[in-house]
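Chemist: First to last, the protein sequences are chains W and P. Per the working numbering, numbering of the first sequence is gapless, rising by one per residue and ending at 116. Per the working numbering, numbering of the second sequence is gapless, rising by one per residue and ending at 114.
For the record, the hints were derived by calculation from the structure and aren't laboratory data. Each residue gets a CB set at the ideal place from its N, CA and C atoms; glycine is no exception. Hints may be right or wrong, so weigh each one.
[Stated by the list, open to error] Computed Cβ-Cβ distance ranges for the label pairs, DEER-style: (1) P:S69 with W:E15: 48 to 54 Å; (2) W:P82 with P:K57: 38 to 44 Å; (3) W:S74 with P:S69: 39 to 45 Å; (4) W:K54 with P:K11: 38 to 44 Å; (5) P:S69 with W:I115: 46 to 52 Å; (6) W:G16 with P:V52: 46 to 52 Å; (7) P:D38 with W:H72: 24 to 30 Å; (8) P:S65 with W:G16: 48 to 54 Å.
[Stated by the list, open to error] When the alpha-carbon atoms are kept at most 35 Å apart in a straight line, the in silico DSBU-like pairs for lysine-lysine are as follows: (9) W:K5 with P:K11; (10) P:K57 with W:K37; (11) P:K53 with W:K108; (12) W:K56 with W:K108.
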Amino acid sequence: DQQVKQNSPSLSVQEGRISILNCDYTNSMFDYFLWYKKYPAEGPTFLISISSIKDKNEDGRFTVFLNKSAKHLSLHIVPSQPGDSAVYFCAASGWISGAGSYQLTFGKGTKLSVIP
Amino acid sequence: DAGITQSPRHKVTETGTPVTLRCHQTENHRYMYWYRQDPGHGLRLIHYSYGVKDTDKGEVSDGYSVSRSKTEDFLLTLESATSSQTSVYFCAISARVDSGNTIYFGEGSWLTVV
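Okay, chain W solo, but in the shape it has when bound (with noise of 0.2 Å):
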């Protein structure tokens, strides 16, 4: 049952258009929302989050949209630059009462490539 997830496997964009990459979850108890950027052959690099509290987060180019009622996000890159070409996960936060701890659920990934 996967809890977090990014149903476009792959995306391709023009540099200096918009990308949009989404990412829907189902549990409700999900409370704080990231991106990570992951290179080839490198770890995984936070890239920006947002609170259950807010429904938009900015950081210079990137943007992350939440809608808690659609249990969507989505994150928007404007302008998309060839730099931009990785693969995006997606990743919801919960408090695990069971397991005494906050953990991360990632979704499968998003492979976004920005042609020049």
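Keeping the supplied structure of chain W fixed, place chain P upon it in accordance with the hints.
Modeler: Chain P in isolation, oriented as in the chain W frame:
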């Protein structure tokens, strides 16, 4: 840079042999994690630790054990490696950022079981 070092970074081993991956952190974080990344599966939690000698299982813990004898080191052991354990393994720590806990990853350990 979360001060995480993984070793070895690359290893080829034979089926049935034990393998230990080491994660070392320099910033005294309480929580440490081991994930594996496989095509089509994203990042999956193997084991995590919430303190010295305090560990628990994650989503895909079968065939793996962990130990944490001091705050800075978290070891992942494949007791008898199988080909299905060929993967990229990432160690991570958890740190509080703004209103949530954010996980920061190491650079990964590429393991091939032949």
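Chemist: Run every hint past the structure and note whether it holds.
Modeler: Evaluated hints:
Range check, P:S69 to W:E15: Cβ separation about 50 Å, and the 48 to 54 Å hint holds. Checked against the hint of 38 to 44 Å, the pair W:P82 and P:K57 passes, with Cβ atoms roughly 41 Å apart. Checked against the hint of 39 to 45 Å, the C-beta distance between W:S74 and P:S69 comes to roughly 43 Å, which is consistent with it. The beta-carbon spacing between W:K54 and P:K11, approximately 42 Å, falls within the hinted interval of 38 to 44 Å.
Between P:S69 and W:I115 the CB atoms are about 49 Å apart, so this pair conforms to the stated range of 46 to 52 Å. As the Cβ distance of W:G16 to P:V52 is approximately 50 Å, the hint placing it in 46 to 52 Å holds. Distance hint for P:D38 and W:H72: a CB-CB separation of about 26 Å, consistent with the stated range 24 to 30 Å. Evaluation of the 48 to 54 Å hint for P:S65 and W:G16 yields a pass: the beta carbon distance comes to about 50 Å.
The straight-line distance between the Cα atoms of W:K5 and P:K11 is roughly 31 Å, inside the 35 Å bound, and the hint therefore holds. Using a Cα cut-off of 35 Å, the hinted pair P:K57 and W:K37 holds, with the two alpha carbons roughly 26 Å apart. Annotation: proposed proximity of P:K53 to W:K108 holds, straight-line Cα distance about 31 Å (limit 35 Å). Our distance criterion of 35 Å between C-alpha atoms is met by W:K56 and W:K108, whose separation comes to about 23 Å.
The structure shown violates none of the earlier numbered hints.
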